[in-house]
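Engineer: If you want the building blocks of each chain, they are given just below.
Number of protein chains: 2
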Amino acid sequence: MNYTNLDKTESYKKILSLKEKKIVYDSLDAARVRSCSVPMAGGLSYNWAAKAANSEVIAALAALAGEQELVDKYKALLNGETMNTGEGRKVLHHLLRGQLGKAVVHNGRDLGEFYRAELGRFSAFAENVRSGKIAGASGKAFKHVVQIGIGGSDLGPRALYLALDNWAAARKKKKLDAAFISNVDPDDASAVTAGLNMEETVFVLVSKSGTTQETLANELFVKGKLKKAGLDPGRHIVAVTSETSPLAHNPAYLDSFYIDDFIGGRYSSSSAVGGVILSLAFGPETFKEFLSGAHEADKLALETDIAKNAALLDALLGVWERNFLGYPATAVLPYSQALSRFPAHLQQLDMESNGKQVNRNGEPVAYATGPVVFGEPGTNGQHSFYQLLHQGTDIVPLQFAGFTESQRNDDVEVEGSVSQTKLNANLAAQIVAFAKGKDDPNRNKYFPGGRPSSLIHGKQLGPAALGSLLAHFENKVMFQGFVWNLNSFDQEGVQLGKILTKKVLSGVSGGGTGDSALDEYGKLLGL
Amino acid sequence: MNYTNLDKTESYKKILSLKEKKIVYDSLDAARVRSCSVPMAGGLSYNWAAKAANSEVIAALAALAGEQELVDKYKALLNGETMNTGEGRKVLHHLLRGQLGKAVVHNGRDLGEFYRAELGRFSAFAENVRSGKIAGASGKAFKHVVQIGIGGSDLGPRALYLALDNWAAARKKKKLDAAFISNVDPDDASAVTAGLNMEETVFVLVSKSGTTQETLANELFVKGKLKKAGLDPGRHIVAVTSETSPLAHNPAYLDSFYIDDFIGGRYSSSSAVGGVILSLAFGPETFKEFLSGAHEADKLALETDIAKNAALLDALLGVWERNFLGYPATAVLPYSQALSRFPAHLQQLDMESNGKQVNRNGEPVAYATGPVVFGEPGTNGQHSFYQLLHQGTDIVPLQFAGFTESQRNDDVEVEGSVSQTKLNANLAAQIVAFAKGKDDPNRNKYFPGGRPSSLIHGKQLGPAALGSLLAHFENKVMFQGFVWNLNSFDQEGVQLGKILTKKVLSGVSGGGTGDSALDEYGKLLGL
Chain B
1 MNYTNLDKTE SYKKILSLKE KKIVYDSLDA ARVRSCSVPM AGGLSYNWAA
51 KAANSEVIAA LAALAGEQEL VDKYKALLNG ETMNTGEGRK VLHHLLRGQL
101 GKAVVHNGRD LGEFYRAELG RFSAFAENVR SGKIAGASGK AFKHVVQIGI
151 GGSDLGPRAL YLALDNWAAA RKKKKLDAAF ISNVDPDDAS AVTAGLNMEE
201 TVFVLVSKSG TTQETLANEL FVKGKLKKAG LDPGRHIVAV TSETSPLAHN
251 PAYLDSFYID DFIGGRYSSS SAVGGVILSL AFGPETFKEF LSGAHEADKL
301 ALETDIAKNA ALLDALLGVW ERNFLGYPAT AVLPYSQALS RFPAHLQQLD
351 MESNGKQVNR NGEPVAYATG PVVFGEPGTN GQHSFYQLLH QGTDIVPLQF
401 AGFTESQRND DVEVEGSVSQ TKLNANLAAQ IVAFAKGKDD PNRNKYFPGG
451 RPSSLIHGKQ LGPAALGSLL AHFENKVMFQ GFVWNLNSFD QEGVQLGKIL
501 TKKVLSGVSG GGTGDSALDE YGKLLGL
Chain F
1 MNYTNLDKTE SYKKILSLKE KKIVYDSLDA ARVRSCSVPM AGGLSYNWAA
51 KAANSEVIAA LAALAGEQEL VDKYKALLNG ETMNTGEGRK VLHHLLRGQL
101 GKAVVHNGRD LGEFYRAELG RFSAFAENVR SGKIAGASGK AFKHVVQIGI
151 GGSDLGPRAL YLALDNWAAA RKKKKLDAAF ISNVDPDDAS AVTAGLNMEE
201 TVFVLVSKSG TTQETLANEL FVKGKLKKAG LDPGRHIVAV TSETSPLAHN
251 PAYLDSFYID DFIGGRYSSS SAVGGVILSL AFGPETFKEF LSGAHEADKL
301 ALETDIAKNA ALLDALLGVW ERNFLGYPAT AVLPYSQALS RFPAHLQQLD
351 MESNGKQVNR NGEPVAYATG PVVFGEPGTN GQHSFYQLLH QGTDIVPLQF
401 AGFTESQRND DVEVEGSVSQ TKLNANLAAQ IVAFAKGKDD PNRNKYFPGG
451 RPSSLIHGKQ LGPAALGSLL AHFENKVMFQ GFVWNLNSFD QEGVQLGKIL
501 TKKVLSGVSG GGTGDSALDE YGKLLGL
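As they're listed, the protein sequences go chains B and F.
Just so it is clear: in the first sequence, position 424 is 424 by our numbering, and no numbers are missing.
Just so it is clear: in the second sequence, position 6 is 6 by our numbering, and no numbers are missing.
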């Protein structure tokens, strides 16, 4: 395999030469919309008609995909190659959803089998809790589940829970209500637990390493509350961790489910990290449907024709916008309240994976890598930050998503249309408004247009569509990492803060940290 | 008053000449931290020690403040000048919190008196609901309040409610639980109302114009649910609107409270828009304490010495970073779970106010205006997008906030420290890590540093501190608008989407919109 920095490729020069070409949004008509559609898994489609890219740009991006061997690198990853170079690890979250490459054997164990066995174990556990066979210390059935975890152990599972909550409730699949404790701010754990009947609550403690400061503090917080309620914590907490962590194989937990070092935190929603809480809340069948949508998306990402590979095309259009058009940020704008926290998950997924300035060999790169990612659901955002998106001095590419049907099918007709129709009318209108703008002699009412967007759409947001959506973005970020020649699977940028935090915490009791500014900031904060 | 584009000022050239100066973070020590502190209202302080600015930069920014007459323009605004030029309106949200300028009389009415009278009316209403004197149609006391509103009628009030929820609960000031319906996505209203006992629920319908599509659809949705529960909607809905709106003076509402055209949506949290729901939930005294913190901050913003005016200094440092250092985005990172939605409010406040490309006279400007604003609470963000902030290829200035004490005073000690201490140790560590970085022969573990931040800190997040915080950012955004010579108080960028949405909605029943792309996007979304 060839690992080359983006600016050393032949394609780079070619694409740079296209840079000054004016992309004309006047050609955005029904025919272009129809011709720019790529099928995705789970009944979704990716439409890039409103992107600032003509056939010449697409051809050049396709050549870049070939030159950087993007699909081949994905295949190598699926086959268990050490793609997390810095940490010397395989990258196996795809395997959680199904086998697409060779069997991956590590230390004599077939990891596909291992992941499937864990899925089976926590599915059975979830069934037993949902049926009441497994109950709390006082004998009461569990009605609430609370996940204790931070980062990848929180954002993905939380986004997915909210995405399916209404869908499951409307189909009577929901049995347990879920809540999440993430922040080390004690007000977080205090507020979540204050509203709960602890007798009816099961906690899912999630830390791959078993050493996450926030999560261990919150575990002890929760144990204290359970004891205070006269309940044995061991009957109310299950652990999700790696087999080598200090939390593993501890009979003091109700049960334990395992992942390994090859499942990165921000890629772990498809493992027990997301699976336990989603299976408890909505049933294991719902979680398996989610996995099958993701697996289907993973399969489509193997397609070498970029016109048929939505994740690959999305990745390359992102590179076009980031490195050749020079746009530093991207907004994720789902027209679906269920996806209210999906942008926060993508923010981690993207910024933690590709917010790097060295390549996979640890050498500095001379081009921009991952953008800032932010977003809120529409139509809410329209009444908030869209002003800047339409008329600000910078251009921000937009990722829209929308669904024909609502999840609860509980709607109201006002002035000749139901709310779901209004929602989607707004979405269609925004895409065209951003692309085409509007001339006006009053410059305050003038819209420059030329603001690119893409649209992911489908009939309804259910488990398979959600799995497809999640895997799409995971694969997009992976392909971008390959284009930029990064290791998208480590996160060394979080280490320095941890080291300095420890210094502060030991400095509090001792004689300071040795850095007078650090000590002074500590004083300002009451330490 | 002189209204000049930033790039036409004398100061602009001077500051440009400073641009290439290297700001050395090696000088960040205890003395600098102590010397860079500005008192704020409500017991808070603003510390800018970790900003990339030396005394020469500060002096040049102070000169810019003088040249652009920033404080004078603020005074003119307080005195009722038409600062919202495009719409020909005064800008009077400060007056909701107290009088700092001349009496503002409009059409023979003293508007300060008008706002105070409305505050008095909704305070009395809230007391009567909290005491049970005003109850629902079936005679049951109200236990829940649901705000129906979008944009400024949602984000600010929601952020403030969450910010004080734990504070009020721990002090037994909380009487009503609050929820919010904003999105036109019918799943939003359906999910919120599904979990409520309608007999015990009062709705606050908020739309200044009385014509907001989303809010009117959600009003009818809620009315349907009330009727279905056998309840008279008129006994369960109060309106907050302007006196000229179609919702005004309607005896079919339980009560109505008024604002006017001089209170912009994103600046309306201090009016009945935020005041009714906060007074119902936490009591009118809590809301008045919040107002007094904001009023105190407004007073401090009159200070002409930028070393003593935190909002002015923050604004100018932001301009330094945006226009002279070239940073396109800013992250807001409160180390307080209570402020989880405060960044979303600031995102609207900032991006909708200053995301403009024409000046207050409608002439195009040739420099960057408002940045992209995003953020999540810490420590959560540390486990998410901080990777990019530390080691990404772009620099993103950071706005931190932290408090010595938690709100609920319910904490746990683990390994020698309580969680609140860990929270603040992390915050101190991050500021220094971003500023100073860390050298490492392994470039993957190398931190470049030089990533500027400021810190707002105080003893505890209570109502007065929250008011101070809100007003600080409102005033910061106002001052930046003055520097950029913008009208920060209109939002023409939202109009085109509304027009096209109407076209789509009438096109659905008729023969299309006349734009084949728009029609085709509608089809993709099932219209």
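Source of the hints: derived by calculation from the structure; they are not laboratory data.
Honestly, I wouldn't trust all of these hints.
Since copy identity is lost for identical chains, a pair holds within one copy or between any two.
Said to hold, decoys possible - Each computed PhoX-like pair below joins lysine-lysine, with the alpha-carbon atoms no more than 25 Å apart:
1. LYS502 to LYS523
2. LYS523 to LYS308
3. LYS8 to LYS445
4. LYS102 to LYS90
5. LYS73 to LYS8
6. LYS308 to LYS227
7. LYS438 to LYS459
8. LYS523 to LYS73
9. LYS523 to LYS14
10. LYS502 to LYS90
11. LYS438 to LYS14
12. LYS228 to LYS102
13. LYS172 to LYS308
14. LYS8 to LYS174
15. LYS523 to LYS173
16. LYS73 to LYS14
17. LYS502 to LYS228
18. LYS143 to LYS498
19. LYS502 to LYS459
20. LYS73 to LYS143
21. LYS173 to LYS445
Computed from a predicted model, the values in this text were never measured in an experiment.
Engineer: Cα distance capped at 25 Å. Does LYS172 pair with LYS308 within a copy, between copies, both, or neither?
Structural biologist: neither (36 Å within a copy, 59 Å between copies)
Engineer: When Cα atoms must be at most 25 Å apart, do LYS502 and LYS459 count as within-copy, between-copy, both, or neither?
Structural biologist: between (50 Å within a copy, 23 Å between copies)
Engineer: Tell me, please, which holds for LYS143 and LYS498 at an alpha-carbon limit of 25 Å: within, between, both or neither?
Structural biologist: Neither. Shortest intra-copy (36 Å) and inter-copy (43 Å) distances fail the 25 Å Cα cut-off.
Engineer: With 25 Å as the alpha-carbon cut-off, assign the pair LYS8 and LYS445 to within, between, both or neither.
Structural biologist: between (44 Å within a copy, 24 Å between copies)
Engineer: Within a copy, between copies, both or neither: which one fits LYS438 and LYS14 at a CA-CA cutoff of 25 Å?
Structural biologist: For LYS438 and LYS14, neither the intra-copy (33 Å) nor the inter-copy (37 Å) Cα distance is at most 25 Å.
Engineer: If the cut is 25 Å between Cα atoms, do LYS502 and LYS228 qualify within a copy, between copies, both or neither?
Structural biologist: neither (30 Å within a copy, 58 Å between copies)
Engineer: Within, between, both or neither: how does the pair LYS523, LYS73 come out at a Cα-Cα threshold of 25 Å?
Structural biologist: neither (50 Å within a copy, 37 Å between copies)
Engineer: Since the copies are identical, ignore which copy is meant and state whether LYS102 and LYS90 lie within 25 Å (CA to CA) inside a copy, between copies, both or neither.
Structural biologist: Within one copy only: 13 Å inside, 69 Å across.
Engineer: If the cut is 25 Å between Cα atoms, do LYS308 and LYS227 qualify within a copy, between copies, both or neither?
Structural biologist: neither (56 Å within a copy, 50 Å between copies)
Engineer: How would you label the pair LYS228, LYS102 (within, between, both, or neither) given a Cα cut-off of 25 Å?
Structural biologist: Neither. Shortest intra-copy (51 Å) and inter-copy (58 Å) distances fail the 25 Å Cα cut-off.
Engineer: How do LYS523 and LYS173 come out at 25 Å by Cα distance, when the copy is not named: within, between, both, or neither?
Structural biologist: Answer is neither: 51 Å inside a copy and 31 Å across each miss the 25 Å cutoff.
Engineer: When no copy is specified for LYS502 and LYS523, does a C-alpha distance of 25 Å or less occur within a copy, between copies, both, or neither?
Structural biologist: This pair counts as within: shortest intra-copy Cα distance 16 Å, inter-copy 56 Å.
The earlier numbered hints that this structure contradicts are 6, 7, 8, 9, 10, 11, 12, 13, 14, 15, 17, 18, 20, 21.
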